[in-house]
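J.: Sequence:
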Amino acid sequence: METEASANFTSVLEPAPPSLKPIEISFPLPRTPHTNVHIHLTAMATSTMVFLSTTNPGDSGSAVKPMGSFVYAMPDRTNSRSTISTTLYTSPGSIDYATRAAKILARRMKVPVYVGCNIDPVVTGSTVEEEMEGFSKIIDTIMTRWESRE
Numbered sequence: 001m002e003t004e005a006s007a008n009f010t011s012v013l014e015p016a017p018p019s020l021k022p023i024e025i026s027f028p029l030p031r032t033p034h035t036n037v038h039i040h041l042t043a044m045a046t047s048t049m050v051f052l053s054t055t056n057p058g059d060s061g062s063a064v065k066p067m068g069s070f071v072y073a074m075p076d077r078t079n080s081r082s083t084i085s086t087t088l089y090t091s092p093g094s095i096d097y098a099t100r101a102a103k104i105l106a107r108r109m110k111v112p113v114y115v116g117c118n119i120d121p122v123v124t125g126s127t128v129e130e131e132m133e134g135f136s137k138i139i140d141t142i143m144t145r146w147e148s149r150e
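The numbers in full-length UniProt numbering rise by one with no breaks, and the one at position 89 of the sequence shown is 89.
Please note that the accuracy of each hint is not assured.
Below are the BS3-like pairs computed for lysine-lysine, each with C-alpha atoms no more than 27 Å apart in a straight line [unchecked claim]:
1. K110 - K21
2. K65 - K137
3. K137 - K110
4. K137 - K103
5. K21 - K137
6. K21 - K103
7. K21 - K65
8. K65 - K110
Rather than coming from a laboratory, the hints here were simulated on the basis of the structure.
With the sequences and hints as input, model every part of the structure.
T.: Quick look at the structure:
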């Protein structure tokens, strides 16, 4: 005999399907037109996954790029200006970029966020101003697409 409690418990264990199909976005970085940013955005029922990568015109299509860093961040329910994050996989060149992106996105989206990132600002050869402008455009583009996902 199945009780109401056991029926609810079973439904909690079922995996939640993605709330929409993954969105793929690509654009050149501001002031660095030779570098393209590629974003893979998947909004799920209770979290969001974002993968960030860059390519240059000289990159070979068959070249395998490293995975980069993978970070989980979630909004702090007691302080809306704070986020909690943990690194799931570390790659020295991209960990700071991935952590910053994950924390900002979790705070703005108000849901847990997984961010995979192999963007290394040192490798792109950009100045601090170019890096910040590119980072802002990446975050703004993700938020615009995430807010219009319905």
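J.: So, for every hint listed, does it hold in this structure?
T.: So, going through the hints one by one against the coordinates:
1. Restraint check for K110 and K21: satisfied, since their Cα atoms lie roughly 20 Å apart, inside the 27 Å limit.
2. Distance hint between K65 and K137 is fulfilled; the C-alpha atoms sit about 23 Å from each other, no more than 27 Å.
3. Taking the CA atoms of K137 and K110, the gap is about 20 Å. The hint holds against a cut of 27 Å.
4. A hinted pair counts as satisfied when its Cα atoms are at most 27 Å apart, and K137 with K103 qualifies at roughly 16 Å.
5. Using a Cα cut-off of 27 Å, the hinted pair K21 and K137 holds, with the two alpha carbons roughly 22 Å apart.
6. Proximity of K21 to K103 is assessed by CA-CA distance (about 23 Å); at most 27 Å being required, the pair is judged to hold.
7. Restraint check for K21 and K65: the C-alpha separation of about 24 Å stays at or below 27 Å, so the hint holds.
8. A C-alpha spacing of about 31 Å is found between K65 and K110, which places the hinted pair above 27 Å, so the restraint is violated.
Of the hints listed earlier, the one the structure fails to meet is number 8.
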